[in-house]
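Undergrad: Use the sequences and the hints to build the structure in full.
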Amino acid sequence: MTIRNALASLAVRNLDAAEPWYRQLFGRPGHRAMQEVAEWKFDGGGGLQVYQLPERAGTCSCTLAVENLDSEAARLVSLGINARCRTEDERVRTVMIADPDGNSIALAEPIDPTLLR
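Using our numbering, the first residue of the sequence shown is number 417, and each one after it goes up by one.
Using 20 Å as the maximum straight-line C-alpha spacing, the simulated EDC-like pairs for lysine to aspartate or glutamate come out as follows:
id: 1; residue 1: K457; residue 2: D515
id: 2; residue 1: K457; residue 2: D432
id: 3; residue 1: K457; residue 2: E488
id: 4; residue 1: K457; residue 2: E525
id: 5; residue 1: K457; residue 2: E483
id: 6; residue 1: K457; residue 2: E435
To be clear, the hints were calculated from the coordinates, so they are not data collected in a lab. Fair warning: this is a prediction, and the values are worked out from it, not measured in the lab.
TA: Printed below as a string of structure tokens:
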């Protein structure tokens, strides 16, 4: 199997209620691929689908790679999003946040150049 890219997904209770939070997080509206799915594609490849499935809401997680973790964390705080849960080691720096349904989202800035491939 040859995988060329990946698409993460997070379940929410109500997509119409969750979409404004994600629009604020990404700074742009998502594309409604289907009535129950909003999708954001990223410049470096891949994407995130947020979909309505109440029974799975709050049990999902994903990692988003960023270039400057400090500036992203500061932006999150300015939006009222708790960005205080930080970790760092010799390979990666992260900030963990949660969407309103409780899904875990890690923002990760690779330090180790082998992680940038």
